[in-house]
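Once you've looked at the hints, dock chain G against the given chain P.
Protein chains: 2
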Amino acid sequence: MEMIKGGVTAAKGFEAASTAAGIKYKDRTDMALVYSQVPCEAAGTFTTNVVKAAPVKWDRQVVDSGKKCQAVIVNSGIANACTGAEGFGYCKDTAEAAAKYLGVDADGVLIGSTGVIGKQMPIDKLVAGIEVLASKKNASIESGTEAAMAIKTTDTFHKELAVTIEVGGKTVTIGGMAKGSGMIHPNMCTMLAFITTDAAITKEALQKALSEDVVDTYNMISVDGDTSTNDTAILLANGLAENPVIEYGTPEYEEFKAALHVIDEYLAKKIAGDGEGATALFEVKVVGAENVAAAKMLAKSIACSNLTKTAIAGHDANWGRIVCAMGYSGAQFDPEKVDLFFESKAGKIQIAEDGVALDFSEEKATEILSQPEVTAIADVKMGEAQATAWGCDLTHGYIEINADYRS
Amino acid sequence: MEMIKGGVTAAKGFEAASTAAGIKYKDRTDMALVYSQVPCEAAGTFTTNVVKAAPVKWDRQVVDSGKKCQAVIVNSGIANACTGAEGFGYCKDTAEAAAKYLGVDADGVLIGSTGVIGKQMPIDKLVAGIEVLASKKNASIESGTEAAMAIKTTDTFHKELAVTIEVGGKTVTIGGMAKGSGMIHPNMCTMLAFITTDAAITKEALQKALSEDVVDTYNMISVDGDTSTNDTAILLANGLAENPVIEYGTPEYEEFKAALHVIDEYLAKKIAGDGEGATALFEVKVVGAENVAAAKMLAKSIACSNLTKTAIAGHDANWGRIVCAMGYSGAQFDPEKVDLFFESKAGKIQIAEDGVALDFSEEKATEILSQPEVTAIADVKMGEAQATAWGCDLTHGYIEINADYRS
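Heads up: the protein sequence lines correspond to chains P and G, in order.
Counting in this note's numbering, the first sequence runs without a single skipped number right up to 1800 at its last residue.
Counting in this note's numbering, the second sequence runs without a single skipped number right up to 1800 at its last residue.
So here's chain P without its partners, still in its complex pose:
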């Protein structure tokens, strides 16, 4: 596996474009197109929130229909959630405009939206934007990067990555982009992630690879515990790498999934570390658990606690909050067996043994906790299972961004 430059346009036959359609923001791009020169197998995972945004309902239909897909239209600024029949109608209008300007089938157009909930889409601006996107699309690495920038909301940087693997003597490329920031507590997949590959792969294998991987990546991050109405991860495969078609369950499938995992984990960690107001990525590893489900519950509970997150913001080794968050996670463990460690590039320190504080150096702990990436490790000494979750610190910045986001 090799890391290469780029994102959604890294794989053969994929193009992208972005434009400033003026949907909500004034001085920045807010629409992106991902386009494949040939129709793709499409896989998707979507929010488990009972309240599903119109584009989530639309995409679910498209992916479930088995129809091949050739374009994804994404906008930031308005989420098109809680918009009723009118909002769903705008998805149809969007797909039809894309079909018209791109010369593709409307029922193979996927849509992603992110932004404020409860506002109707200014559909004229959106349609005008699609015309611009269609005229600008190209296969350059830069156009992929610009697409990753256009889908940001309060994200402070764009998120993309691409890797290559060899399959049957052919180079297969996988690239992706994502956005996150707030309302991030994915329960199926993250806010918005779009991954493209030129792999030849069956639809079954594509969907399974995505579904199996989101549970260890996007579903293990949290910024604020709020599961969005718009969470969407889309994986498109156009087959232009001309490799022997990857079937589910084969060694090639495992290799493809390992490469996809690199993309997903990278994007998920970037989303967590770029949570609204965040100054640090907070990684939580639970080891020695009885089973993976318990390890995940414990890791997520720690990563999601407002109190552990403010302690990280304060570079404070307030380990009691970690044990407390484990205690209400729903997972069973013996509090009097827990060992706790903090780790970062400044070193590693053990804070507690068998549930009781050690006489650790506060100075060293503060130094370790002052890094931009901080890991807490909890060993519950019950078995061999482990899990990792990612969150961020909770700071004044989060309050500033969210106390008056809508206006």
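In this list, chains with the same sequence are indistinguishable; a pair is considered to hold if it fits within one copy or across any two.
Using 20 Å as the maximum straight-line C-alpha spacing, the simulated SDA-like pairs for lysine to any residue come out as follows:
1. K1738 / P1765
2. K1460 / V1638
3. K1512 / S1754
4. K1512 / D1727
Hints are computed from structural coordinates only; laboratory data are not their basis.
Being a predicted model, the structure only gives us computed values, none of them experimental.
Chain G only, in chain P's frame:
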């Protein structure tokens, strides 16, 4: 039912005292005693956190033993949680010191602790404090108020209330005090609440009254989603009102429970409104639900969402966040049937109908949301059940208090 002045010393035969034992704080009281001149029936509800503080384990034993109780020793500053066998030993030492200085049975002494997790108790200071408390205790209303002040941590005001009812021609008094502030997401009862009554009542009726009422009061509040290791609600009844003994299931029991509910709801709301950094009490009413369990899940999910809470801090009618929080609550409902309202003493306004925004006045909404007590009402139009939850806004103050609490 009549509201009267006072708290834990309002009922006949109860005394209280407070002192500055120097456990953690420098310039304030940090220990309180609640004492009954005669032994009491005792009821208790405790945290469901797997990690239980030493005093929680101690009190559970005392309450379950059926032993009558005559004293409660409470300290703020150190929680005595995650302190192992050493910490539990200090509970025994505390009870024995109380027995010695108060002339009561050690196995009828209850203990409450609140503060930082993972630090051992300075037992010599605690024992010295008990000697002072024993010498100062008295039945004045003021001593009850001072006890309510001594148990505060980051609380900005003390919380107490007392009411009287008539039972069989006798006046029965119930009074209580509580503290809250941070790590408030009770799942059994709140951080610390102590209620005293001079009612004659069976132990069974006393425990049932408390257990039945906490689910609608303390268990319906949240400051930060973190269920504490120390949550404790204690209800003591000494029988000095000389009323006919209240039995479970009788009309007198219902009357007693209604009075207890007034105390519990008052203290719970005060805890929510005085959440760390809070500037507003955020009340959430869910009506028209299929059943009470669903109504509670929906109400708590809204009250606990970081995003709704920051919107309240910003006086922003960001109703999409409310619907989003309902959507991931785990309760089933039809998003396209939801009506939403905001209400406060500045008026009431409907924001959404059948899940879609109305053309409401933003100015009026901001005025309503700028009050110190704000109510959101969600009507899911499925049935007759309803529930109320209480939280608070999420502000810079919460971050300030918690980013460096321990040091």
